[in-house]
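Visitor: If you read the protein sequences in the order shown, they are chains A and B.
All residue numbers for the first sequence refer to the numbering used here, where the first residue is 24 and numbers rise by one.
All residue numbers for the second sequence refer to the numbering used here, where the first residue is 1215 and numbers rise by one.
This list has only true hints and no planted wrong ones.
Here are some of the chain B residues that sit facing chain A, going by a computed Cβ distance under 7 Å:
1. Ser1260
2. Phe1316
3. Gln1318
These aren't lab readings, by the way, just hints derived from the structure by calculation.
A virtual CB, placed ideally from N, CA and C, is assigned to each residue, including glycine.
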Amino acid sequence: SAVISQKPSRDICQRGTSLTIQCQVDSQVTMMFWYRQQPGQSLTLIATANQGSEATYESGFVIDKFPISRPNLTFSTLTVSNMSPEDSSIYLCSVDSQTTNAGYEQYFGPGTRLTVT
Amino acid sequence: KNQVEQSPQSLIILEGKNCTLQCNYTVSPFSNLRWYKQDTGRGPVSLTIMTFSENTKSNGRYTATLDADTKQSSLHITASQLSDSASYICVVLKNQGGKLIFGQGTELSVKP
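With these hints in hand, go ahead and build the complete structure from the sequences.
Guide: Right, here's the structure in full:
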């Protein structure tokens, strides 16, 4: 299993500013994922972050808006840049971890609740 | 189009009662289907994972079923408790590319 922590747990930010969200995992993992969950919606994948390479962004998400760092195998950051009220969401970090039955399970962090005013 | 549809959108039941949540998917090719529980303000937590060949899998009071022919799954909760109040999300892992396709979730509220 994997235990994931995120900082901050919540924040209220003014439009036009940027917020960096940190994700820490208790074990080394190859891939880390960043998701967005808008109010009343399900999860949408923003990007996949591999250590030592550029993050891979999903359609509709760009690096200038959501720059990601992955300095080592247990840590990643997601920055939400030049925020607008439409960026108000829960941002979740996630990892794949091998389970005892040789399969892979996906674990999620507690999320960062962002409100942009 | 790869989709995961859940029903009902929301559900209110009395404590101690049973309930069944539905999930229909069109994701292809299919690798596995997962049910997650997401408490308010928390990240999703896995309840079950089922592959193509599995029809039923239980995790305590949670029992998931899968019919790969009709592309339907259900999550049955037995003897509900107040702590079962949460959003339940059906997620399908696509075989090609390893993408997770999320359903919209069913919001369950268990009342005393």
